[in-house]
Amino acid sequence: MRPFKFSTTADSNEVSKILIANPHARLLGGGTNLLDLMKEDVERPTELVEVGNIDVMKIVSPASATGSIVIPAVEKNARTANDPAIRENFPMLSQAILSGASAQIRNMATNGGNLNQRTRCTYFYDVAMPCNKREPGSGCGAMKGLNRMHAIFGWSDKCVAVHPSDMCVALAALDAVVKVQGANGKQRSIPFTAYHRLPGDQPQKDNTLQPGELITAIEIPKNNFAENSYYLKVRDRASYAFALISVAAAMELKNNKIVRVSIAMGGVAHKPWRASVAEKYLLHKEATEANFKIAAANEMKLAKPLEHNLYKVELGRKALVRALMQAANGGKTI
Amino acid sequence: MTDQKQAADFNEDEKQIIEDMITGDPEDMTIFGVSRRQFLKQLAVITGGFAAAQYIGPDELFAAPSVLVPGTIPINSIENGVNASFNVNGSPVALEVDSRMTLLDSLREKLQLTGTKKGCDHGQCGACTVIIDGNRVLSCLTLTACCQGKNVTTIEGLAKNNQLHPMQTAFIKHDGFQCGYCTPGQICSALALMDEAKKGEASYLTENIREKSLSVQLSDDEIRERMSGNICRCGAYPNIIAAIKEVHSGKEVAQNWQFA
Ligand SMILES: Cc1cc2nc3c(=O)[nH]c(=O)nc-3n(C[C@H](O)[C@H](O)[C@H](O)COP(=O)(O)OP(=O)(O)OC[C@H]3O[C@@H](n4cnc5c(N)ncnc54)[C@H](O)[C@@H]3O)c2cc1C
Ligand code: SF4
Ligand code: FES
Ligand code: FES
Chain A
1 MRPFKFSTTA DSNEVSKILI ANPHARLLGG GTNLLDLMKE DVERPTELVE VGNIDVMKIV
61 SPASATGSIV IPAVEKNART ANDPAIRENF PMLSQAILSG ASAQIRNMAT NGGNLNQRTR
121 CTYFYDVAMP CNKREPGSGC GAMKGLNRMH AIFGWSDKCV AVHPSDMCVA LAALDAVVKV
181 QGANGKQRSI PFTAYHRLPG DQPQKDNTLQ PGELITAIEI PKNNFAENSY YLKVRDRASY
241 AFALISVAAA MELKNNKIVR VSIAMGGVAH KPWRASVAEK YLLHKEATEA NFKIAAANEM
301 KLAKPLEHNL YKVELGRKAL VRALMQAANG GKTI
Chain B
1 MTDQKQAADF NEDEKQIIED MITGDPEDMT IFGVSRRQFL KQLAVITGGF AAAQYIGPDE
61 LFAAPSVLVP GTIPINSIEN GVNASFNVNG SPVALEVDSR MTLLDSLREK LQLTGTKKGC
121 DHGQCGACTV IIDGNRVLSC LTLTACCQGK NVTTIEGLAK NNQLHPMQTA FIKHDGFQCG
181 YCTPGQICSA LALMDEAKKG EASYLTENIR EKSLSVQLSD DEIRERMSGN ICRCGAYPNI
241 IAAIKEVHSG KEVAQNWQFA
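Respectively, the protein sequence lines represent chains A and B.
When we follow my numbering, the leftmost residue of the first sequence carries the number 1, and every step to the right adds one.
When we follow my numbering, the leftmost residue of the second sequence carries the number 1, and every step to the right adds one.
Chain B with its partners taken away, still in its complex shape:
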């Protein structure tokens, strides 16, 4: 956003590269209102540079070109662009994105909802956990294109009227984090877990899988098993379990920590 207002500032190497590729002074590009980043991105499109996606930040790779050099690229020129309309925390959003864009990148880069974290980007850590239509899922392995018509809830959607969600309050009370990076995913995951337990869903630790009960009371081991998709590198696990137990049981759980 801000760079839209900045004057283009090329270093000598960049000027040389650009001059080799196009005629005219690259600084002139500002007369079209095109920023340096925007311009480089378009250059990448023109030169087929999309294959070298790793060299471009996701915001540049995926953002729809908002300003265009007249006569160079048609307006809907994202290769394999897709439209997706869905609700995020109760508000409708309509996005046009590259088909490759994950929900995680859409939330963070397009919707500025940076509460949801990117840990591994490969389904192995749970930092990106969000709730879609009531189910906890990994936004790093969900394509934005697949979210059409769905309801997405992120950590930003839990507090209501400036009141933290009880699960958030419990995480604070029990110090269920250290660096906090895994926390949004832990909290979204824990919330969905409350629902699964209410519906009587089983886990690998369920003693008798054939016996269906409407509501499951979770032991510490059960909470560990059902939360195993959320890794915490700071090792705040005992406190995370205490927080979840408090919300799950509805009874006060003593803190594992105290001020010295």
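Same shape as in the complex, but just chain A:
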């Protein structure tokens, strides 16, 4: 690990100034991703600012009149997943968080850090390998290398990596909003699906955060998905592994008719992937397995698999159907 200055600056405006003045300064959440990458020499910050002390990060908003819930950026993943209001109103978010990492890591990881965790692409992790995300212009090792874990949607010839978060897949399906604050306290709200980026020509940029901006909170608007939602995660082993494919499926049913539906997939793209083709097909239709199968097939038709991940197309289709079935059947684990 390279030397860095450790700072506990509490004033968010000061923190923004530090981040603008020093492009090599980073916020430190739980450190479960950043410290790992620093030990690998992938991240080389010269200054770390601990988020736990930053004023705006700690504000707990009172329950809003619109029924939305605001979760602070510094709140730990484990606490968010077990928050009674989240379990009751957005059970799919709890499931998604609890499917990720381990109990220890979820106790450490912050919500802000979860959004900004970096890809697990093994070429990104290995500084001896080419990687456009780590070193723009050096090439993409995965494109013609081992790409079993990589994207089937939205990739570019510069990068085929996937975003590794489970929590973010549920947040994308829940139409969450990312609250950020930049220089001079300037605040803005970013719709979750516009927060992360597709790689395009700049795979080094994972998200649309501007220099000096910090995530302060995540807002989840009220919805009627709680009874019919499910987060399904498919992986190489039963637990403590990143998703090969995951699906966050949520719907609102009236007499088994789908009046609102929201579906996002993980493990398939550089950002949580909204399955909008499947959503469009399902809206106003009956919640039946036959309809789910057509919707899933339509969505996966658009996939562009790489050399080693053709399996994700079939797996994705089956995972979509299964997640939708579980959601329609009350979202319980079987």
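No wet-lab data here; the hints were simulated from the structure.
Incorrect hints may have been included.
Pairs of lysine-lysine, DSS-like flavour, derived with a Cα cap of 30 Å [stated by the list, open to error]:
hint: 1; chain 1: B; residue 1: K212; chain 2: A; residue 2: K332
hint: 2; chain 1: A; residue 1: K332; chain 2: B; residue 2: K198
hint: 3; chain 1: A; residue 1: K222; chain 2: B; residue 2: K199
hint: 4; chain 1: B; residue 1: K110; chain 2: A; residue 2: K39
hint: 5; chain 1: A; residue 1: K158; chain 2: A; residue 2: K301
hint: 6; chain 1: A; residue 1: K222; chain 2: A; residue 2: K186
hint: 7; chain 1: A; residue 1: K280; chain 2: A; residue 2: K254
hint: 8; chain 1: A; residue 1: K254; chain 2: B; residue 2: K245
hint: 9; chain 1: B; residue 1: K118; chain 2: A; residue 2: K5
hint: 10; chain 1: B; residue 1: K160; chain 2: A; residue 2: K39
hint: 11; chain 1: B; residue 1: K199; chain 2: B; residue 2: K251
hint: 12; chain 1: B; residue 1: K199; chain 2: A; residue 2: K332
hint: 13; chain 1: B; residue 1: K118; chain 2: B; residue 2: K150
hint: 14; chain 1: A; residue 1: K222; chain 2: A; residue 2: K332
hint: 15; chain 1: B; residue 1: K173; chain 2: A; residue 2: K17
hint: 16; chain 1: B; residue 1: K251; chain 2: B; residue 2: K160
hint: 17; chain 1: A; residue 1: K301; chain 2: A; residue 2: K318
hint: 18; chain 1: A; residue 1: K39; chain 2: B; residue 2: K199
hint: 19; chain 1: A; residue 1: K222; chain 2: B; residue 2: K212
hint: 20; chain 1: A; residue 1: K5; chain 2: B; residue 2: K110
hint: 21; chain 1: A; residue 1: K257; chain 2: B; residue 2: K212
hint: 22; chain 1: A; residue 1: K257; chain 2: A; residue 2: K332
hint: 23; chain 1: A; residue 1: K158; chain 2: A; residue 2: K39
hint: 24; chain 1: A; residue 1: K332; chain 2: B; residue 2: K245
hint: 25; chain 1: A; residue 1: K5; chain 2: B; residue 2: K150
hint: 26; chain 1: B; residue 1: K212; chain 2: B; residue 2: K160
hint: 27; chain 1: B; residue 1: K118; chain 2: B; residue 2: K245
Given the coordinates of chain A, assemble chain B with the ligands onto it according to the supplied hints.
Same frame as chain A, but now just chain B with the ligands:
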């Protein structure tokens, strides 16, 4: 510690290197009471050798220089040194460490609490699990600097008055280990798990996440899922589960093993 008392013993190559860099006989360094290791470390600081951290053991890299060559380095010369005061197993500690130092390295290298193990050092195995303010966490991905004001419990803090903690006793009864390397992490993790279950916390296997109960009775599958952050290379899993089940249920669980 012991090398403080040893006379410096340089091999020929080292003598040559040192002579090239400084004037005077390196063996003379002992007149300042500076050991060879200590001296080499300071040399590393002087020559900017900190960037080559991989060539120096963590104890040397992170230990505050206790004895100094007069006039060379000021006393608080750890680059990016930070102070952290916290409790470990109920006793207050105050450390000055390099900002890079993890809690795991502080426990093992500075506080001589070597019960906590370093498996992967990357958050992937759980061997370094300790309990901070009631929550199980990974000490390999926790900076010492972030422990300010916190309460850290390690495997050394579980036995009271020479009495093993019931979880420790259960691991012994059920032979919940083979080499024992993952065991301190397994036991700390299992202890925190008992608490999480009491508070009714959910897991990915919780059947109905919307239903909150105050206390969760854990099935074997639930114990497996909730303990998945602790890897055991010896594969002692069935016995680890038996031990946890016994403590969790408060009822005797039959041993999976017996003497031949
Ligand atoms: C072994 C292992 C297995 C894992 N398995 C899974 C898994 O299955 N599923 C899954 O989803 N995740 C998994 N994870 C990843 C884990 O969820 C993330 O590491 C964690 O969520 C990151 O949160 P943190 O607070 O520790 O972030 P940090 O490591 O502290 O920070 C990550 C990044 O976020 C930035 N950041 C932190 N806070 C803010 C803020 N408020 N505003 C702006 N930027 C910020 C930091 O500067 C840094 O760049 C795993 C991790 C490990 C080590
Ligand atoms: S897929 Fe992206 S992260 Fe992986 S090697 Fe290619 S550029 Fe790097
Ligand atoms: S040593 Fe910390 S998880 Fe392996
Ligand atoms: S007992 Fe050897 S690793 Fe678990």
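Status of each hint after checking the structure:
Between K212 (chain B) and K332 (chain A) the alpha-carbon distance is near 14 Å, which keeps this suggested pair within the 30 Å criterion. Only pairs whose Cα atoms come within 30 Å are accepted, and K332 (chain A) paired with K198 (chain B) is accepted, the gap being roughly 22 Å. Between K222 (chain A) and K199 (chain B) the alpha-carbon distance is near 27 Å, which keeps this suggested pair within the 30 Å criterion. Proximity of K110 (chain B) to K39 (chain A) is assessed by CA-CA distance (about 20 Å); at most 30 Å being required, the pair is judged to hold.
Note on K158 (chain A) and K301 (chain A): the hinted pairing holds, with a Cα-Cα distance of about 23 Å set against a maximum of 30 Å. In summary, the hint linking K222 (chain A) to K186 (chain A) is supported, as the alpha carbons are separated by about 26 Å, within the 30 Å threshold. Pair hint K280 (chain A) plus K254 (chain A) holds up; C-alpha atoms about 17 Å apart against a cutoff of 30 Å. Taken as a hint, the K254 (chain A) and K245 (chain B) pair is broken in the structure, with Cα atoms around 43 Å apart against an allowance of 30 Å.
Among the hinted pairs, K118 (chain B) with K5 (chain A) is consistent with the structure: their alpha-carbon atoms are about 25 Å apart, no more than 30 Å. For the hint pairing K160 (chain B) with K39 (chain A), the CA-to-CA distance comes to about 36 Å; that exceeds 30 Å, so the pair is violated. Restraint check: the Cα-Cα separation between K199 (chain B) and K251 (chain B) comes to about 20 Å, which is no more than 30 Å; the hinted pair holds. Annotation: proposed proximity of K199 (chain B) to K332 (chain A) holds, straight-line Cα distance about 21 Å (limit 30 Å).
Distance hint between K118 (chain B) and K150 (chain B) is fulfilled; the C-alpha atoms sit about 21 Å from each other, no more than 30 Å. Annotation: proposed proximity of K222 (chain A) to K332 (chain A) holds, straight-line Cα distance about 21 Å (limit 30 Å). As the CA atoms of K173 (chain B) and K17 (chain A) are separated by approximately 57 Å, the hinted pair breaks the 30 Å bound. Between the alpha carbons of K251 (chain B) and K160 (chain B) the distance comes to roughly 22 Å, so the proposed pair stays at or under 30 Å and holds.
The suggested pairing of K301 (chain A) with K318 (chain A) holds, with an alpha-carbon distance near 13 Å, which does not exceed 30 Å. Distance check on the hinted pair: K39 (chain A) and K199 (chain B) sit about 35 Å apart at the alpha-carbon level, beyond 30 Å; violated. Note on K222 (chain A) and K212 (chain B): the hinted pairing holds, with a Cα-Cα distance of about 20 Å set against a maximum of 30 Å. Between K5 (chain A) and K110 (chain B) the alpha-carbon distance is near 21 Å, which keeps this suggested pair within the 30 Å criterion.
Distance check on the hinted pair: K257 (chain A) and K212 (chain B) sit about 29 Å apart at the alpha-carbon level, within 30 Å; holds. Between K257 (chain A) and K332 (chain A) the alpha-carbon distance is near 20 Å, which keeps this suggested pair within the 30 Å criterion. Using a Cα cut-off of 30 Å, the hinted pair K158 (chain A) and K39 (chain A) holds, with the two alpha carbons roughly 26 Å apart. Of the supplied pair hints, the one linking K332 (chain A) and K245 (chain B) holds, its CA atoms being roughly 25 Å apart against a limit of 30 Å.
Simply put, K5 (chain A) and K150 (chain B) have alpha-carbon atoms about 21 Å apart, close enough for the 30 Å limit, and the pair holds. Between the alpha carbons of K212 (chain B) and K160 (chain B) the distance comes to roughly 34 Å, so the proposed pair goes past 30 Å and is violated. For a cut-off of 30 Å, the pair hint linking K118 (chain B) to K245 (chain B) stands: about 26 Å separates their Cα positions.
In terms of the numbered hints stated before, the structure departs from hints 8, 10, 15, 18, 26, listed from lowest to highest.
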